[in-house]
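Enquirer: This is what each chain is made of:
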Amino acid sequence: MLCAKNISYEIGTKKILHNIHLDVVPGEVVAICGPNGAGKSSLLKVISGELKPSAGTVHVRDIELLQWDIKKLATIRAVLHQESFLSFPFLVEEVVHLGRYPYPKSTKNDVIVEECLEKVGMQSYKKRTYTSLSGGEKQRVHLARVLAQLEEESVIPKLLMLDEPTSALDLSHQEGTLHIASQYAKNNNYAVIVVLHDLNLAAAWSDRIIFLKEGMLHTQGAPSQVLTPEIISQIYNIKTRVLHHPDTNRPVIVVDRSSNT
Amino acid sequence: MRTFVFLCALLVALTFLSFSNGAVSISVTECMYILLSTIGFDVSYPINNIHQGVLLEIRIPRTILAIMVGAGLSISGALMQGLFRNPLADPGLVGISSGAALGAALVIVLGWSIPFLEYWTLPIAAFIGAVISTICVMRLSQMGGKTVVTNMLLAGIAINAIAGAGTGLMVYLAEEDQLRDLTFWTLGSFGGAKWIEVQLAFLVIVIPSFIGLFLSRSLNIMLLGEAQAHMLGVSLEKIKKTIVVLVCIIVGSSVSMTGMIGFVGLVVPHLCRMLVGADNRKVIPASILLGGSLLLASDLLSRTLIMPAEFPIGIVTSIVGGPFFLMLLSMNQKNQVW
Amino acid sequence: MLTTFLLLFSFISCSDSSTDATAQQAQETSSSEEAKTKPAEPQQRIVSLGGSVTETIFALGEGDRVVAVDASSLYPEDVLKLPKVGYYRQISTEGILSAKPSIVIASDASGPKESIEQIAKIGVPITQVSSEKTLAGTEKRIQQIASLLNKKKEGEKIIAQIREDLKLVQKPEKSPKVLFIYARGIGTLSVGGKNTASSEMITLAGGTNAVQEYEGYKPLNAESIIIAAPDYILLTTRGLDSLGTIDDLLKLKGISETPAAKNKRIISMDDLMLLGFGPRTGKAAAELSKLLQK
Chain Y
1 MLCAKNISYE IGTKKILHNI HLDVVPGEVV AICGPNGAGK SSLLKVISGE LKPSAGTVHV
61 RDIELLQWDI KKLATIRAVL HQESFLSFPF LVEEVVHLGR YPYPKSTKND VIVEECLEKV
121 GMQSYKKRTY TSLSGGEKQR VHLARVLAQL EEESVIPKLL MLDEPTSALD LSHQEGTLHI
181 ASQYAKNNNY AVIVVLHDLN LAAAWSDRII FLKEGMLHTQ GAPSQVLTPE IISQIYNIKT
241 RVLHHPDTNR PVIVVDRSSN T
Chain C
262 MRTFVFLCAL LVALTFLSFS NGAVSISVTE CMYILLSTIG FDVSYPINNI HQGVLLEIRI
322 PRTILAIMVG AGLSISGALM QGLFRNPLAD PGLVGISSGA ALGAALVIVL GWSIPFLEYW
382 TLPIAAFIGA VISTICVMRL SQMGGKTVVT NMLLAGIAIN AIAGAGTGLM VYLAEEDQLR
442 DLTFWTLGSF GGAKWIEVQL AFLVIVIPSF IGLFLSRSLN IMLLGEAQAH MLGVSLEKIK
502 KTIVVLVCII VGSSVSMTGM IGFVGLVVPH LCRMLVGADN RKVIPASILL GGSLLLASDL
562 LSRTLIMPAE FPIGIVTSIV GGPFFLMLLS MNQKNQVW
Chain V
600 MLTTFLLLFS FISCSDSSTD ATAQQAQETS SSEEAKTKPA EPQQRIVSLG GSVTETIFAL
660 GEGDRVVAVD ASSLYPEDVL KLPKVGYYRQ ISTEGILSAK PSIVIASDAS GPKESIEQIA
720 KIGVPITQVS SEKTLAGTEK RIQQIASLLN KKKEGEKIIA QIREDLKLVQ KPEKSPKVLF
780 IYARGIGTLS VGGKNTASSE MITLAGGTNA VQEYEGYKPL NAESIIIAAP DYILLTTRGL
840 DSLGTIDDLL KLKGISETPA AKNKRIISMD DLMLLGFGPR TGKAAAELSK LLQK
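As you go down the protein sequences, you meet chains Y, C and V in turn. Take the first sequence: its position 18, counting from 1, is numbered 18 in the working numbering, and each next residue is one higher. Take the second sequence: its position 230, counting from 1, is numbered 491 in the working numbering, and each next residue is one higher. Take the third sequence: its position 57, counting from 1, is numbered 656 in the working numbering, and each next residue is one higher.
In isolation and in its complexed conformation, chain Y is listed as follows (with noise of 0.2 angstroms):
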């Protein structure tokens, strides 16, 4: 689905990221962890084509991103960025209508903001101004809106890039975002790239978590795989322990308070 090779980019001298290679495949999802300044936000900026990398190449469904008709590309691949810009008083609705925008002659683009809108729990706040709503109210919309972009009949599998999704969600509003993204991955084939602060939500929810340390691609792998004291503890600088979830016995990562304080 997307291949990145080779991604290094800079800014002047400095050197953001250093020879990243990226596969992600239909039906996973990915999450892409590490310290702050560790290039996780540049990295999906770059496989995303916002930045250009300074070298390496970046193939999605094995066409190289720039060869790509953006038009068509808006139609396989949405972006939730962290930011959003919007100042305007839109309702809820409308922004959600904005990512059907490739689809200008669709007659089902009225369904499917009601269903994104409903997905995200969101639905009641269709006829609201969006500038009146709380912060996490407004992810959660641009959320119904990128998954309204990618809303379509085809069978191609899609690929969802979220930049911190959860950053200003309360603790159920979380669960629930990376559930839709889970759904999405399992029961529509979409690939989806989540960068994550949490540990824990990486564990709970993703297939392979991709560990950045310094621009530098430090380990990956399934969870229970690379959520080890060890590799937390080179990646944080913390030490900590790795319990099991009682019901899916997934990692549970909690700090280790006998030593560090």
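No wet-lab data here; the hints were simulated from the structure. Quick caveat: nothing in here was measured; it's all calculated off a predicted structure. Treat the hints with caution; some may be incorrect.
Using 27 angstroms as the maximum straight-line C-alpha spacing, the simulated DSS-like pairs for lysine-lysine come out as follows [stated by the list, open to error]:
#1 V:680 / V:793
#2 V:776 / V:852
#3 Y:105 / C:407
#4 Y:5 / C:407
#5 V:889 / V:773
#6 C:407 / Y:72
Chain C regions said to be covered by chain Y (calculated; three or more residues, Cβ under 8 angstroms) [unchecked claim]:
#7 491-499
#8 535-543
Ideal Cβ placement from N, Cα and C applies to all residues, glycine included.
Given the coordinates of chain Y, work out where chains C and V should sit on it, guided by the hints.
Expert: Chains C and V only, in chain Y's frame:
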């Protein structure tokens, strides 16, 4: 939909008010008869020649020009607000009006004249001034082959300052009468509107505004931010350049034909957003209707307030529009519309 | 709220048309009275644009035919009662036409040119006369207006009177240096250079314009005034009023250092008389020359 019907009705009503009011009093009935006889009907009504002249050569052209300029300035405001993703943006930001003012000042003070086009020297110079300053702003805002909107804002401030200094120099050099001319020019007027200007305005205001209508969908997406717009398949560079070129043509030619008319470009899109919401597919057509009405109403006031003299329209738009806008602002702050 | 807006407009337009109608009635009655007294006159109603144009028409004895003037027409006093159609550089076509003129006499500095064209196009004859602010210009203007109004003899009389008045100018042995200050309140002071109406009048009155370095009016510069060292400072009455009293003027930087200020030689004269170059040009020069003797 009701709003649009209302806006259309408002425009039509104001058009008739504008036809039948002014220093020379012409009754509505006589207006109708003059119009009918002009389009070829044989009317048995004693039409006064002066009245006919006033209606056909003065009022109708200035009414049409006022509507077109009002619509053009408003649509330009809406486009700029979309481009800068800021509801407070205004065509003046990229230096269009100040460039035009400098062009006009040069002609008024230095007495330049274009051979064979003497009559059109001032509007041509004003338009060239607008184009040059816009080109400078466009050039200065290019970074790595992309138009950076924040740079555009900064370049606009710089160009505004430079053009302002040039105009200041002209003011310094100006003689008493030239100074008056310059001041009056900056305050705007539809007093000199002629049919040829109406025809020209159709080319340089109506057609670009019509193109602007087609940008409204992409403009909505631009409001999400450039990165998102790109992800949604909007060709950013093309849209940004089209907007600046359209606004430059519309505002440059409006300013060069009628002088500086402030406030309309900023306020009308705002009012429209209150009426129809933020969706540019509604805001832009509403701006055309409301902008035309607002400027027509202002012109009507400008030529009836102190009859038989005339008030500069720029003062009317600001004096009437300013408090009106403040009132709406304070009313809507409570409802958090923006 | 837009409905209110619309209502407001219809209200304004209603009240406007009613006042307009009364004004018109009044004009119509007056013109019919005129018609009785002067039945043979071909040109009944004049709109005059430009202060000295208006003054000349009145001096020619045709003042009662003037039905509207521009904002710069302030003399003689009868003018002040007439409707104003805006400043002569920014006239309103419809405003002029609403006075139902049979002729418009305008200074050739009137504008905008679009309005002049519109008036002619609608069929009201509009004649532009010289706006030159010199003695020769004054004579030319009077001749032009006089021949337009079939008053050539009266015109020659006015010109002869101006020449007569100018003989009263006493040329002193040493021509005093006179600085003209154009004022519209403190902070807006300009100084008259060469080729200005003020410089022309100073010369006619036997003085020398204190500023010879530049043309036109330029903002006042304290140091250059000290260098110019004028013997007299000349202002228009309205200009002096805008500054307060003579004492206020004397306190201003630069001015206080001049010989004129030290000897309190400050002269003020009526605006239109001093700078208008109308029929009072000769009298103005004579009066100024007398003041320059003190």
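Enquirer: All hints, please: hold or fail.
Expert: Status of the hints after comparison with the structure:
Among the hinted pairs, residue 680 (chain V) with residue 793 (chain V) is inconsistent with the structure: their alpha-carbon atoms are about 36 angstroms apart, more than 27 angstroms. For the suggested pair residue 776 (chain V) and residue 852 (chain V), the alpha carbons sit about 19 angstroms apart, so the restraint of at most 27 angstroms is met. With a CA separation close to 30 angstroms, the supplied pair residue 105 (chain Y) and residue 407 (chain C) exceeds the 27 angstroms bound. Only pairs whose Cα atoms come within 27 angstroms are accepted, and residue 5 (chain Y) paired with residue 407 (chain C) is accepted, the gap being roughly 26 angstroms.
At most 27 angstroms may separate the alpha-carbon atoms for a hinted pair to count; residue 889 (chain V) and residue 773 (chain V) meet this at roughly 14 angstroms. Between residue 407 (chain C) and residue 72 (chain Y) the alpha-carbon distance is near 22 angstroms, which keeps this suggested pair within the 27 angstroms criterion. Only when three residues or more bring their CB closer than 8 angstroms to a CB of chain Y does the claim for the segment 491-499 of chain C stand; here the count is 6, and the claim holds. Here's how the segment 535-543 of chain C fares: 3 of its residues keep a CB closer than 8 angstroms to some CB of chain Y, so the rule of at least three is met and the hint holds.
Hints 1 and 3 from the list above are not met by this structure, while the remaining hints are.
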